[in-house]
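2 protein chains.
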Amino acid sequence: MNRRHLLTTAAAAGLLASGCASTASPPQAAAPVLRGTGDLGVVVLRASGTLAIIDTSHRTLLGQVTGLGDLSHASVVFSRDTRYAFVFGRDGGLTKVDLLTQAIVGRVMQAGNSIGGAISADGRLVVAQNYTPGGIKAFDAQTLALVADVPAEYAPGKLSRVVGLVDLPGQRFAYSLFDAGEIRITDFSDPAHPHTTRIPNIGRQPYDALVTPNGRHYIAGLFGEDGLALVDLWQEPPKVRRILNGYGRGEQTLPVYKMPHLRGWAVAGRRAYLPAIGHHEVLVVDTESWQEVGRIPVAGQPVFVMAQPDGRQVWVNFAVPDYHRVQVIDTTTQQIVRTLEPGKAVLHMEFTPRGESVWISSRDANRVSVIDTHSFATQAVLEVDSPSGVFFTSRAARLGF
Amino acid sequence: MNRRHLLTTAAAAGLLASGCASTASPPQAAAPVLRGTGDLGVVVLRASGTLAIIDTSHRTLLGQVTGLGDLSHASVVFSRDTRYAFVFGRDGGLTKVDLLTQAIVGRVMQAGNSIGGAISADGRLVVAQNYTPGGIKAFDAQTLALVADVPAEYAPGKLSRVVGLVDLPGQRFAYSLFDAGEIRITDFSDPAHPHTTRIPNIGRQPYDALVTPNGRHYIAGLFGEDGLALVDLWQEPPKVRRILNGYGRGEQTLPVYKMPHLRGWAVAGRRAYLPAIGHHEVLVVDTESWQEVGRIPVAGQPVFVMAQPDGRQVWVNFAVPDYHRVQVIDTTTQQIVRTLEPGKAVLHMEFTPRGESVWISSRDANRVSVIDTHSFATQAVLEVDSPSGVFFTSRAARLGF
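These protein sequence lines map, in sequence, to chains V and G. The first sequence: position 104 = 205 (my numbering), numbered continuously. The second sequence: position 8 = 109 (my numbering), numbered continuously.
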């Protein structure tokens, strides 16, 4: 089944890659318009397995692409030319969508249970991180042909669930093994023989991770104990170090309605802003000493804590029951300067490339709001069905996204 | 003459902006192919008034657009959708080039002597900085229609040459008045009534400037005396402060073969790397204290000192007679790790968005070399006539470019 999928879609993608839309567009595709792709984006419509394609210059909905399967907890990366979106579904489906023809140009069922993916800096490899079977798989970004399968085996016959996959410079990817308490770095520069570096004993149950914007520090959250595991990727060989003991699941005193997304962590100047787990606080950490330097009380349990591209403000959304609110922190004063209520069940936020606007999805309000980050005025509202993740093509130019 | 130009090109651009290429392409345009624009770029071919359009994924030359006038010291910004390049010529020509149809879609002679420009974060305003007449002018990015003319008048009837123009968040732009020793910030959010904030007495003869990647600190180099003028743009009202006394023209002991381009200054982590003026050194500065923390001996008088997107390495080129060399500094050790000789008269360098490659123009070798930033291997060589500036569409997503 997988192989048949692979061949069909590879062939299709190959044909489409040759370019001109009149010959290339599948039936469901819209009449393609010659246009730039630097201001495009997508919104995941989780309930209907649909991807909405949007234009961030005119703040409009350009079209919708259906048939992407189970998009709960879906994530998206973009091709290097910002024409294609690669959508990782929870059901193990990896779908390549052409934003110009608004059509699916490739789709493979690559695992039984998947939790996202990444794309290499040169744009040639798309890599998925999987729960079942536990491991990562690399695909040719043009054809979606399988390039390499790297099981996360940590004991004879035992495969770990993989979390926290991020791209690194070169064709390298870092990720964490939930069941093995280990961080691994796999280098695909020789795709036939991927080389994996193991960093064991990082702590129990890493549940998510991020890499700092410069690609230097990989940080994994630990579900099984206090603190976080930090790896300096510029060190040879890379070593793990425990930071922020007292942070995390272990000191938990409140029920946790939703584990924070570490990928959302904000680094502004030399400070990082972290969601406290369970507590109604955002932690402020010095990124040189990795010591906590402050805590900011907020309106609920933070889920995403995101810095504007300029680092001037940090935006926070919350777990139920406070998930109708968004708060904005001024990083020069550490004060909350605004509380917004854009609609029930705020699930995600995405900044325009230079940060003049933020797009906020409110699932239960069936709405995506575009907010001016300076005046906080609502610039546009898009009505869409149960929106969750919002992703812009400018991510293609960034490390660790 | 200017006005007639304006109307013709405005109409043309308006027509073209409506989209589909078959109706839109002027005669000289190549048959447009439906494609993404996130991996496009341009190389300025100074001698022939030509713009070469390149593809950074396949490292190929896609085409050339002629008729751009005097491109000495030309600079380029990109439209928000990364489809169009705006080219500022030394002769005051502002040309809008469609990277997809490879055609000029708008051109105005907007001044007698121009020194570059910038584009607003929302992509709506293109602003030129001019020597004659001294001041800045804002144009509609779609039509190139003049939106606002802001002369740099500093005494009755006296207009200053303008340098160091950068975009700021909002529709604001910061720039320096060479003849008045003043920094100004003009806000075009009400285009009919642009509002200008003046910061006087910053020091004699600011000759160039830059804004830090987060848009917070505006720094002008002073030709007339030692040191640099620093403005914290997040302060209300913004105030000027002198930094690095002992740096600059005043302490000059060597002949200066070419003034460094401040725009090239590298900020890596909390350190900035600055070209010493005249001396064969790169200065290392702490961006919190703005104190000098080190000097790195290099192979000549540095012109551009540029950090890789990840800040891991800083690349330096030089003034004559050392302009056939490029040196690479490791920012973790402050040591030079490689000296390259890509060809005579290295004028500019540009990194791919995630920094896996750097494109280096060697004017007298009629060559642009693509170098792997990790292995330093040459990945490709493009033969073009007298290349100078290299600019990639990923700049559209960055502040201060």
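Simulated from the structure, these hints should not be mistaken for lab results. Careful: at least some of the hints might be erroneous.
Counterexamples of contact, computed for chain G against chain V with all Cβ distances above 10 Å [unchecked claim]: (1) A148; (2) R299; (3) Y348; (4) R426.
Which chain G residues stay away from chain V? Per the calculated CB distances, all over 10 Å, these [claimed, not checked]: (5) G139; (6) R181; (7) G370; (8) V482.
Simulated restraints on C-beta separations [as the list claims (entries may be wrong)]: (9) G/D333 <-> V/F477: 22 to 28 Å; (10) G/T433 <-> V/A481: 42 to 48 Å; (11) V/T297 <-> G/N214: 57 to 63 Å; (12) V/A256 <-> G/Q435: 39 to 45 Å; (13) V/T161 <-> G/D486: 57 to 63 Å; (14) V/R426 <-> G/T433: 47 to 53 Å; (15) G/W335 <-> V/I344: 25 to 31 Å; (16) G/Q435 <-> V/N346: 29 to 35 Å.
The beta-carbon is built from N, C-alpha and C at its ideal position, and this holds for glycine as well.
Inset, instruction - Would you assess whether G/G370, listed as outside the interface, keeps its beta-carbon beyond 10 Å of every beta-carbon in chain V? - result: About 7 Å separates G/G370 from the closest Cβ of chain V, which leaves it inside 10 Å; violated.
Legend entry - Pairwise beta carbon distance, G/W335 to V/I344, judged against the given window 25 to 31 Å: For G/W335 and V/I344 the Cβ distance comes to about 29 Å; the hint holds.
Inset, instruction - Determine whether the Cβ-Cβ distance between V/T297 and G/N214 falls within the hinted range of 57 to 63 Å. - result: Holds, since V/T297 and G/N214 (Cβ atoms, about 58 Å apart) stay within the stated range.
Inset, instruction - Quick one: work out the minimum CB distance from G/G139 to chain V and report holds if it exceeds 10 Å, violated otherwise. - result: violated (3 Å)
Inset, instruction - Say whether it holds or is violated: G/V482 keeps its Cβ farther than 10 Å from all Cβ of chain V. - result: Check passes; 18 Å lies beyond 10 Å.
Legend entry - V/A256 versus G/Q435 beta-carbon gap, inside 39 to 45 Å or not: Check passed, 44 Å falls within 39 to 45 Å.
Inset, instruction - Hey, is G/R426 genuinely clear of chain V, shortest beta carbon separation above 10 Å? - result: About 24 Å separates G/R426 from the closest Cβ of chain V, which puts it past 10 Å; holds.
Legend entry - 10 Å cut-off, C-beta based - G/R299 kept clear of every residue in chain V: holds (22 Å)
Inset, instruction - Verify that the Cβ of G/Y348 lies farther than 10 Å from every Cβ atom of chain V, and report whether the claim holds or is violated. - result: holds (23 Å)
Inset, instruction - Over 10 Å to the closest beta carbon of chain V is the bar; see if G/R181 clears it. - result: violated (5 Å)
Legend entry - Consistency of beta-carbon spacing, G/T433 to V/R426, with hint 47 to 53 Å: About 41 Å separates the Cβ atoms of V/R426 and G/T433, which means 47 to 53 Å is violated.
Legend entry - Range hint 22 to 28 Å (beta carbons of G/D333 and V/F477) holds or violated: With Cβ atoms ~23 Å apart, the hint holds.
Violated hints, listed in ascending order, are 5, 6, 7, 13, 14; each of the other numbered hints is respected by the structure.
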